[in-house]
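A.B. asks: What follows is each chain in one-letter form.
2 protein chains.
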Amino acid sequence: MTYCLGICVEQGLVLASDSRTSAGVDYASVYSKMHAFKPAADRQFVLLTAGNLALSQQLVSHLRRDLDYPGPAGNLNSARYLFEAAEYVGAVNLEIQNTHGPALRASGQSPDVTLILGGQIAGQPPGLFIVYAQGNHAAATAETPFLQIGEIKYGKPMLDRVARFDMALEDAAQLSLVSLDATARSNLSVGPPYEVAIYPRDNLALGKRFLFAGDDPFLDELSVSWNRELCEAFQQLPKFRWD
Amino acid sequence: MTYCLGICVEQGLVLASDSRTSAGVDYASVYSKMHAFKPAADRQFVLLTAGNLALSQQLVSHLRRDLDYPGPAGNLNSARYLFEAAEYVGAVNLEIQNTHGPALRASGQSPDVTLILGGQIAGQPPGLFIVYAQGNHAAATAETPFLQIGEIKYGKPMLDRVARFDMALEDAAQLSLVSLDATARSNLSVGPPYEVAIYPRDNLALGKRFLFAGDDPFLDELSVSWNRELCEAFQQLPKFRWD
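If you're matching them up, the sequences are chains D and E in order.
Residues 1 to 243 in the working numbering are what the first sequence lists, from first letter to last.
Residues 244 to 486 in the working numbering are what the second sequence lists, from first letter to last.
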C-alpha cells in the first residue's frame, strides 16, 4: 500500500510520502513515490503517486519524455496554469491506464494510479491537486488545506484537527510526519523511509527535500513522544461519571 | 456505515456502537446496533452488528426465536462455552446470508453482516469475539484487547496506543467514546447517538448501558477537549530543524 499527503499553507507547500510497496505482505520493497520536476526557471512541480507501481513509473517516464518530445497534450512546460498541468498529468495517466487496464484487470489487478500534484508557476499562487485515476482533479483550498492518497484513513484525524492554511510551513512539515507515523503505527503496509519536500511560496524551486530512514533517530523520538503525548492527552479529558 | 468496537480488560468488557445507518448519504437513519441477551441467570451476551441492516435485524430475531424454539444448532442458552455461542451466532448469520445473498448480490448489494459478541458464562472468564460474515470467529486477547467492525480505521490509532488489558473499565469506556468521536469527526457516515455498555467481570448481568445523543453536553465537552488536547500534544512534540 502507500500513503502520500500534501498540505497547502499560506507560506507554501509540503509534500510527503512513505516508500513501502508491496505485492502482498511477503514481497515488500522500497520505492520512492515522490517525483520532482523543474522543467524551467518559472515553475516547479512535485508529483506523489499511489496505486499500480509499474504504471506510476511509466507515467513519470512519459512526463519526462514529453519534456523532450512534447505530444499533442503538451507537457509540464507548456501548461499555462497549474490546473492545465493537472489536466495534462491526468490525461497521460488515463491513457497509460487505458492501454494496460484490460490485461491487468483480466489477471485480477487494478491499473488505478492516483496522484497528488503540487507546485507553482511564476505569477500565480502555489497550488495542490489530487488527480484521480479517471483523469479529473480537485484542488486543496484554504478551508481544507490537505489532500491524501492511498491508505488515507488512519492519518486523517490529526489532519482534520491540526491542519490550517495559516500554520507555519515547518509545522505543516512536522504534521505530515505525524500523519505518516500514525498510519504506519496502525497499518503494516505503510512504512519508512519517509520523504518530505518543502516548497516555500514564490521560491520556484524545491526548498528542501528530506529522507527519514526507518532508523532515523528523530523519527524514533517523534514516534515515542507522540505516543506519550496522546496517552497524556487522553488522561487530561473530562471524566464521565459512569457509576 | 457503522462503527462498533469492544474492549476486553481485566475488570470486564466495554461494548460501544454508533447508530447511523444509511443507504447513501441522502437516506440516513438511526438504528441501534447493540443487542443485549440475558437468556439465563448464568450468562450475559452483548451483540454488535455491522453491515446489511435488514439481515442484522433478521439475525437478532432468529437468535431470540431460537431461545423459545431451539433449532438443530442450539441457541445462546445451550452454548457451554462462549466460543460455542460465537460458533452458533456465526452459523445462523451465515445461513441468513446464504438465503438472501443471491438476490441481494444480483441487485448490487452486499449481504455481509459482521459481528462483535461479548459476554460471559458462569465459571468461565468473560470473552470478546469478532464473528466474520463467513461464520468464523476470532477472540480479543490480552495483547490486543480490542475488536472493531465497520468503519474501523479512523478510530484505530487511539486504540493501538491507549487500549491495554490492565486499564480501568471506566477508562476503557471513555476510550470507546474517544474512538467513536474520532471516527465521526473524520467520516460523515458514522454518528451519534452512541451506545456504550459496561459489563463488569463476573457480574453475569449487564452493568450499565448508556445512550449519548448528538446534543449530549458531555459528548460535546469531550469532543472539544479532545480536539484541544490533540492540538496541544502536537505542539509539545520535539521539533525537527527543517532549515
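Everything labelled a hint here was simulated from the structure, so no lab data went into it.
Everything numeric in this text was worked out from a predicted model, so none of it was measured.
Be aware that a few hints might be false.
Lysine-lysine pairs mimicking DSSO-like chemistry, simulated, CA-CA at most 30 Å apart [as the list claims (entries may be wrong)]: (1) Lys208/D to Lys482/E; (2) Lys451/E to Lys239/D; (3) Lys281/E to Lys451/E; (4) Lys38/D to Lys239/D.
A.B. asks: If a hint holds in the structure, say so; if it doesn't, say that too.
C.D. replies: We went through each hint and held it up to the structure:
Under the criterion of a C-alpha separation no larger than 30 Å, the hint pairing Lys208/D with Lys482/E is consistent with the structure, at around 16 Å. A distance of roughly 16 Å separates the Cα atoms of Lys451/E and Lys239/D; the hinted pair therefore holds under the 30 Å criterion. This hinted pair checks out: Lys281/E and Lys451/E have alpha carbons roughly 14 Å apart, not beyond 30 Å. The straight-line distance between the Cα atoms of Lys38/D and Lys239/D is roughly 53 Å, outside the 30 Å bound, and the hint therefore fails.
Violated hint: 4 only; the structure is consistent with all others.
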